[in-house]
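J.: Residue-level listing of the chains:
2 protein chains.
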Amino acid sequence: MSSIVYLNGEYVPRSEARISVMDRGFLFGDGIYEIIGVYNGRLFRSEQHLERLQRSLMAIKIEHQFRIEEYEQIIQELLEQNNITTENKYIYIQVTRGISTTRSHNFPKPSVKPSIFMMLDDLVRPSFAQLQKGFKAITREDSRWKDCFIKTISLLPNVLLSEEAIENDATETILIHNGYAIEGSNSNLFNVKNGVIITPPKSEHMLGGITRELIIELAQQNNLPIKENNITLNDLYSSDEIWVTSASRDIMPIVNLDDQIIANGQVGPMWQQMQTIFQGYKDAL
Amino acid sequence: MSSIVYLNGEYVPRSEARISVMDRGFLFGDGIYEIIGVYNGRLFRSEQHLERLQRSLMAIKIEHQFRIEEYEQIIQELLEQNNITTENKYIYIQVTRGISTTRSHNFPKPSVKPSIFMMLDDLVRPSFAQLQKGFKAITREDSRWKDCFIKTISLLPNVLLSEEAIENDATETILIHNGYAIEGSNSNLFNVKNGVIITPPKSEHMLGGITRELIIELAQQNNLPIKENNITLNDLYSSDEIWVTSASRDIMPIVNLDDQIIANGQVGPMWQQMQTIFQGYKDAL
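In order, the protein sequence lines correspond to chains A and B. Our numbering applies: residue 3 is where the first sequence begins, and numbers increase by one. Our numbering applies: residue 3 is where the second sequence begins, and numbers increase by one.
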């Protein structure tokens, strides 16, 4: 059975949800998105995600159409209509600049109503066995645009970078910008060295993740040494541990980078500790 | 009356043409496009455009679905169904990776059928009076991704850069990469200095336009001195003439850059000459 999605005011089966070919999301990738985890039927840090959604809209000059409470209301309606009570899912929200009459790079004048699409999708989470074994990643030069802090749907660079991981039997592609590891193609990056957790500082080149922020908070609350610092490619190779994190995949331990074994090739103790803390936080929601 | 467009095998009024929200064009900007001018009902360099379309598809690893003749057949059908015989229009072609069942950066496995959308749209051409007066442009740092040679629909960077021109009462934004002027947000760039026409050499940072190539050809055929060379921002300011060129706007003379008057602020003699040659070429089609 096709799940029920929200599209511009209507609740329709996903298989029937269609948008005009003149929507600027389809013609120009002219929009932004957000992903909110749903654990045991409960929203995970939705306020932070919805605030970032508003910041993304401002960054690309789409006038706000909905208040945060209105998004929350639609999310609740989607959870109800799809009978989500105990499952783990995620909410996907996409807002585009709306539907043009002709195709022109420039914003429609007068401005049109933004298009809003929201759906529930399955979290594809690694199994316990996979997590205990660890994952492989590759590194590539960061080919993305300069304003990576904007969570845009113009994602072709990320798509191609992410696919390179798959072509190399890996899980994620870590992006190197001017010699520094920034983040993954759709995740943030942490490494551990000599007992300290390190993550690159926020910049315009990075999409500062909500999960990344939570991990920093949880480390601080649990007295685990953590700092924001630049990470070079050589730092990465000589890490004791590497993690990639995202709202849809939590914390994934990387034990092999560019076909080089990281440390002893085993999932590390700091990851075990953080994973337990993270799981505890989610279970207590 | 809404014009007839082509969408995945069907000819439908544009106002009724709708695509699944799960199309990767809508979710990821995961596709490419092409624009072919139609003058007096005749296609302008369609073979070159369709060959570039195939190269774009290969570059983003979408398997070819149509041969060039099949695109040409649909174009003819669109011209007929919309009764285009003498008008100036352009054909827009967009191909995306197709429709996924779930949202994942990675290519669908097994691969799905690409989505193909084609429409006719109006050429918004400057009037003779506007052309004789010349246009204003601005410069901005090139914020786009590294593989600008791919004509992708992930166009948010171009959209935002192009809109900055409008906000500054200008027509186009010329992009500066590492100190060199590369091209416009949706055009190629030429300048004239001491009787020589200059255009930046092709690179991965540039979308080498079909119109750009034609201008080079026409200059050579007509013994106008032309060369490919890097152009710095200072070179631009001290130009005798600046032009931006595209399939939808031909050759536009720029007489004001970043609020600085270029040369004497008048449209230059080389532009007049090239414009006449270009118009003659089109009339002889």
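Hints in this document: simulated from the structure, not taken from any laboratory. Mixed in with the good hints, there may be bad ones.
Identical chains share a label here; the pair holds if one copy fits it or two copies do between them.
[To be verified] In silico DSSO-like links for lysine-lysine, alpha-carbon gap of 27 Å or less:
hint, residue 1, residue 2
1, K148, K204
2, K284, K115
3, K148, K63
4, K115, K63
J.: Hint by hint, note whether the structure agrees.
T.: Hint-by-hint comparison with the structure:
no., hint, result
1, K148 - K204, "both (13 Å within a copy, 21 Å between copies)"
2, K284 - K115, "neither (36 Å within a copy, 39 Å between copies)"
3, K148 - K63, "both (17 Å within a copy, 24 Å between copies)"
4, K115 - K63, "within (13 Å within a copy, 34 Å between copies)"
When held up to the earlier numbered hints, the structure conflicts with hint 2 and nothing else.
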